Amino acid sequence: MKASLSPPAPVDSPEPTTLPDIPGSLLPTVLNALEDIKAKNIEVLDVRTLTSLFDTLVIASADSTRQTRALAHHVAAEVRNAGSKVLSMEGLQSGEWILVDLGSLVVHLMQPTVRDYYDLSSLWKGPLRPASPPAQDPTP
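Numbering that gives the first Met the number 0 numbers the first residue of the sequence shown as 0 and each following residue consecutively.
Check each hint, because a few of them may be wrong.
[What the hints assert, rightly or not] Derived CB-CB ranges, DEER-like: (1) 87 x 117: 18 to 28 Å; (2) 119 x 64: 11 to 21 Å; (3) 116 x 92: 17 to 27 Å; (4) 34 x 119: 18 to 28 Å.
Rather than coming from a laboratory, the hints here were simulated on the basis of the structure.
Keep in mind that this is a model prediction, so the values were computed, not measured.
Ideal Cβ placement from N, Cα and C applies to all residues, glycine included.
Could you build all of it, start to finish, from the sequences and the hints given here?
Given below as structure tokens:
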């Protein structure tokens with residue numbers, strides 16, 4: 000299954016936008032590695048306007064803990080083969096949700112039930128909103 004290289008369009012946008020080029024991006028390497036091990040529902044999100052922590056999120060599903068681990072290890076190996084570093088990998092022990100931190104690109108490998116529950120795609124699809132409305136000034 001080919002990954003979508005277009006992030007979800009903002010709610011008020013009439014047409015989808017294409018993912019901008021990110022200089023030095025490992026995105027093609029990561030996408031190829033995910034496709035090699037048959038990741039499902041690969042989604043790429045450009046989050047540069049939402050956070051300064053990283054530029055791109057890749058979210059992919061796997062059917063089993065064995066597959067999520069295989070995906071994480073293959074992504075890490077391919078990134079290293081490309082001459083880059085893997086900053087960290089979290090969740091390998093449980094295998095239900097594995098995060099591969101590549102610095103400006105973060106990969107989330109999730110089993111479908113976990114992915115549906117946390118719904119990271121919706122979380123990162125637009126401007127972040129405060130959890131509660133701001134306090135209003137009590138003076139009239």
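Status of each hint after checking the structure:
{"no.": "1", "hint": "87 x 117: 18 to 28 Å", "verdict": "holds, 19 Å"}
{"no.": "2", "hint": "119 x 64: 11 to 21 Å", "verdict": "holds, 19 Å"}
{"no.": "3", "hint": "116 x 92: 17 to 27 Å", "verdict": "holds, 19 Å"}
{"no.": "4", "hint": "34 x 119: 18 to 28 Å", "verdict": "holds, 20 Å"}
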